[in-house]
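Undergrad: Chain by chain, the residues run as shown.
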Amino acid sequence: MNDMRLTEKSVEANDTKISARGVQVYYGDTHAIKDVDVDIADQTVTAFIGPSGCGKSTFLRCLNRMNDTIDVCRVEGNIKLDGDDIYDKRVDPVQLRAKVGMVFQKPNPFPKSIYDNVAYGPRIHGLTRSKAELDEVVEKSLRRAALWNEVKDRLQAPGTGLSGGQQQRLCIARAVATSPEVLLMDEPCSALDPIATAQVEELIDELRSRFAVIIVTHSMQQAARVSQRTAFFHLGNLVEFGETGQIFTNPSDPRTESYITGRIG
Amino acid sequence: MTFGVLLLIIVAIAAAGYVLGRQRARNASGGDTRRLHSLTGYHGQSVMLFSAVPALLLLGLWLLLQPMLIENRVAGMIQPGDIPEGGSAELVMSDVRRVADGLDLVVAQGALNESDLAAMRADLTNVRSRLAEVGVAVGSEISPNVFQAAKEYRRLDTRFGTAMTIAVIAVALAGFALSLRRITPEYRARNVSEGFVLTLFIASSLVAILTTFGIVASLLVESVHFFQLYPAKDFFLSLTWNPQFRGGSDLGIWPLLWGTLYVSFVALLFAVPVGLMSAIYLSEYASKRLRSLAKPAIEILAGIPTIVYGLFALVTVGPFLRDYFAQPMGLGSSSSSVMTAGLVMGIMLIPFVSSLSDDIINAVPQSLRDGSYGLGATQSETVRQVILPAALPGIVGAILLAASRAIGETMIVVMGAGAAAKLDINPFEAMTTITVKIVSQLTGDTEFASPETLVAFALGMCLFVFTLGLNIVALYVVRKYREQYE
Ligand SMILES: Nc1ncnc2c1ncn2[C@@H]1O[C@H](COP(=O)(O)OP(=O)(O)OP(=O)(O)O)[C@@H](O)[C@H]1O
Ligand SMILES: [Mg+2]
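Residue numbers (the working numbering), protein chains in the order written: chain B, 1 to 265; chain H, 1 to 486.
Looking at chain B on its own, in the form it has when it is part of the complex (with noise of 0.2 Å):
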């Protein structure tokens, strides 16, 4: 309980990490988000929450420019990691990747070796300088994605095999790999069982000490128990944004009031 005061008290000493203002997005005629302001804060999870359709999914891609490779999709607005603006033009968009890391939500493991899954971004990236080095890396990110002890002894056998919830916890071990700055998770718990979600959530708050997490999710139990920030999406609207606690017990916008106790959803 200690703790918990102690992280609330945090919030409001992290820096801000990512700041976008008046994002607009559209696919093709279809205007998917709205005018949104956003200050995710350093060393904070932040959950984005909302009815199926309102634009998380959307919103999340525009923060590592996974919109990128969507031929209709277009992305207004401004949006800052650090200060520097990741849609500017010398910003190139594969090392931005690098830095905001994704989980997508659905599991898609690459058709390779569990072992190789994971070492895919250090790979990469250049993050290890041998080989000895590279299976502790591919190691650690298992264990915090808390798959290690089911697939220890089948590093080698595919990625493809596994279950789906064991896929994605999978990915999110590939995606911890490559030590991101900021980690974006697109309901990274929709395929697993509760024993792996609390595996998952007690991941979410490690990871907490080191990166900024956005988790969309549409548990209101998971946004309760994991963020300490919750955004409430509607219909491609930041309705609400908030202290995970006030959104929840003390909402201002009567459709956030609704949405949670499960009037509209």
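Simulated from the structure, these hints should not be mistaken for laboratory data. Please note: incorrect hints may appear among the correct ones.
[As the list claims (entries may be wrong)] DSSO-like cross-link-like pairs, simulated, lysine-lysine; straight-line CA separation at most 30 Å:
1) H:K422 with B:K152
2) B:K99 with B:K89
3) H:K480 with B:K106
[Claimed, not checked] Just a few of them, taken from the derived set where beta-carbon distance is under 10 Å, the chain B residues facing chain H:
4) K99
5) F110
6) L184
[To be verified] Computed footprint of chain B on chain H, listed as stretches where at least three residues anywhere in the stretch have a Cβ under 8 Å from a Cβ of chain B:
7) 369–379
8) 468–479
Glycine included, C-beta positions come from ideal geometry on N, C-alpha and C.
Given the structure of chain B, go ahead and fit chain H with the ligands onto it with the hints provided.
TA: Then chain H with the ligands, alone, in the frame of chain B:
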């Protein structure tokens, strides 16, 4: 009655069967079609199938057997004296058929009527000039026996034709009546027509399989003949290919096999990298618009007849390679060479590799790309480390398809690499391949029953075994990768 009209009649009976079958089923149900075991459409379908399919099968079988039967009967009328010096009974029979067709024409044009024709005799009338008037040319003078045989041929042909028409229509009507009578509310028309369709599918796939067996069997039989005339040991182990018209030939397969492999290897060495890289460009880098223009443009290459490629090899690539590469490097002075045929064949194969690989790369799920980009990988890292491994089984398939095309190619080799069988490493030397030699041995003017001709079948057999082996390896590779990645 002509064949087309007969077909139309069967179709009409079947269509009537469909309509009447449905109607009868509806009547049998007493107005409430839910009482029927099957929907009325299935009742109609079963009547239609039973009317049309047996009749069509009979028709096909009859058309296949009729010429054989007639020729058997007519052949008896030809005396040994009617066969000219150096000719054969078969040639005379084809004369008979020609004359019969000619007489049909004469009658059709009204120059003669049937009774005149019956009275006409070859020793009194000049049949040959009569036929020439209607545009049918007959090589030699027509002997009375041949003329009588032709008349008999015509008579039998009409007779059999009438019999066929009657039999086929009878079968169609019988099927129609029987299946229509069977319709009751309990009749399981759905299961019956499903079963019928299933049998049809099985029969169709049997046709394909049996044809393959037929091809192999005919190759095998002639190959056995060849090996009775020529020792297998020499064929498989001799390093020289030197067929002679008067026997005593050396028919070793190695120079040809070497040529085949060498030309195919050069072609693939060129086509695989180029095709694969253009596939990667098209699927990963090119904009949608560019892709929609470039892909068909590349596929046009696949539509060019190989003889045109052959011309290109002969007049452009061959001399170019000779003047700028072979001669300056002192590697020979022949414009037909392995290199010429290989390069041109490689160009021909590009669309096979690129178009298929492009489709396969496109089928790799976007989520894998996203996963890789999300970890900060560049486009080329993503292609090399994620997309190509995921697409590998399909790409291997595409390459092997190209390889079997290369091995079977004939025209480009004839015009690009020449026809000289040689075992050589120099790629600027003229060489030749198995397929080219199959053609030249079969079309040569040696006797059919000589080893020089029959060797074509043994060569064909080897080619078949070779590509079969290639396909088996391909299947094995593809399955192995699939196990690993699925
Ligand atoms: N690739 C795309 N092309 C066109 N429209 C898209 C695309 N992706 C998303 N959209 C649209 O953008 C809107 C927001 O989608 P988004 O995926 O961000 O929703 P979400 O909040 O993540 O929903 P969920 O909770 O179901 O994952 C939706 O209306 C969706 O139809
Ligand atoms: Mg989503």
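Undergrad: All hints, please: hold or fail.
TA: The hints, checked one at a time:
1. H:K422 with B:K152: Roughly 58 Å between the alpha carbons, so the hint for H:K422 and B:K152 is violated.
2. B:K99 with B:K89: Holds: B:K99 and B:K89 sit about 17 Å apart, inside 30 Å.
3. H:K480 with B:K106: holds (26 Å)
4. K99: Holds. Min distance 8 Å.
5. F110: holds (5 Å)
6. L184: At about 8 Å, which falls below the 10 Å cut-off, the nearest Cβ of chain H leaves the hint on B:L184 intact, so it holds.
7. 369–379: holds (count 10)
8. 468–479: violated (count 0)
Checked against the numbered hints above, the structure breaks hints 1 and 8 and satisfies the rest.
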